[in-house]
Amino acid sequence: KAGVTQTPRYLIKTRGQQVTLSCSPISGHRSVSWYQQTPGQGLQFLFEYFSETQRNKGNFPGRFSGRQFSNSRSEMNVSTLELGDSALYLCASSLLAQGNTYEQYFGPGTRLTVT
Amino acid sequence: DQQVKQNSPSLSVQEGRISILNCDYTNSMFDYFLWYKKYPAEGPTFLISISSIKDKNEDGRFTVFLNKSAKHLSLHIVPSQPGDSAVYFCAATLSGGSNYKLTFGKGTLLTVNP
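Just so you know, the protein sequences line up as chains A and B, in that order.
Okay, so the first sequence: first residue is 1 according to the working numbering, each after it adds one.
Okay, so the second sequence: first residue is 1 according to the working numbering, each after it adds one.
If you are wondering where the hints come from, they were derived from the structure by calculation, not from laboratory data.
Values in this document were obtained by computation on a predicted structure and should not be read as measured data.
For every residue, glycine included, the Cβ atom is placed at its ideal position computed from N, Cα and C.
The reader is advised that the hints may include incorrect statements.
What the hints assert, rightly or not - Chain A side only, calculated, beta carbon under 8 angstroms to chain B, not exhaustive:
id, residue
1, 5
2, 84
3, 90
4, 102
What the hints assert, rightly or not - Some residues of chain B that are not near chain A, with every Cβ distance over 10 angstroms (derived):
id, residue
5, 8
6, 11
7, 17
8, 27
9, 56
10, 59
11, 79
12, 91
13, 103
14, 111
If we strip away everything but chain A, and leave its shape as in the complex, we get:
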């Protein structure tokens, strides 16, 4: 079974621009979560989607948004990029609600650099 895939793997953007990142979960997984990893803060939860609905949101500004499609694929968008948005963005999928498993499986991440 293929793992979680994320595109693009690397991205360089300029301050003020916007960016869209894509995630395809493991087949059959309906829960998709997004995390931001920075050296100082570790992995911080952005939001979680299940069946196209955002069920939970972390403590990030409204510039960070996401959505999930009917095939469980997910995108996240960051508008008006700031230098501090430079990070590794990780997507994770889970079988949650389909067997009481809470493990999340991560993709390789998208390295975003804002200049």
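Since chain A is already given, all that's left is putting chain B on it; use the hints.
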């Protein structure tokens, strides 16, 4: 407020010896705990988990211990191998309901020396 803490940023052990990685949590509502391993330029890889109804879970060389009264868990790796060198993250969540997210510690860099 950091609800999951890994107080040791790094740990160095000799190949063949035991590695013990520690994690503390403050939220007593957490009832499911996970450990992940992360290599540079890769996403975290799930290693092992434990529910709060247990105090120990083993999977091969990896054992996780949970002490609920102390709000502490640890990951034991025996024997340690050079390929185990990575950053290890502890994570916690509340099982059930729709408030599903993992809260991570900041990680511990494990170096296993040959």
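Going through the hints against the structure:
| no. | hint | verdict |
| --- | --- | --- |
| 1 | 5 | violated (10 angstroms) |
| 2 | 84 | violated (17 angstroms) |
| 3 | 90 | holds (5 angstroms) |
| 4 | 102 | holds (5 angstroms) |
| 5 | 8 | holds (14 angstroms) |
| 6 | 11 | holds (16 angstroms) |
| 7 | 17 | holds (27 angstroms) |
| 8 | 27 | holds (14 angstroms) |
| 9 | 56 | holds (18 angstroms) |
| 10 | 59 | holds (12 angstroms) |
| 11 | 79 | holds (25 angstroms) |
| 12 | 91 | violated (8 angstroms) |
| 13 | 103 | violated (7 angstroms) |
| 14 | 111 | holds (17 angstroms) |
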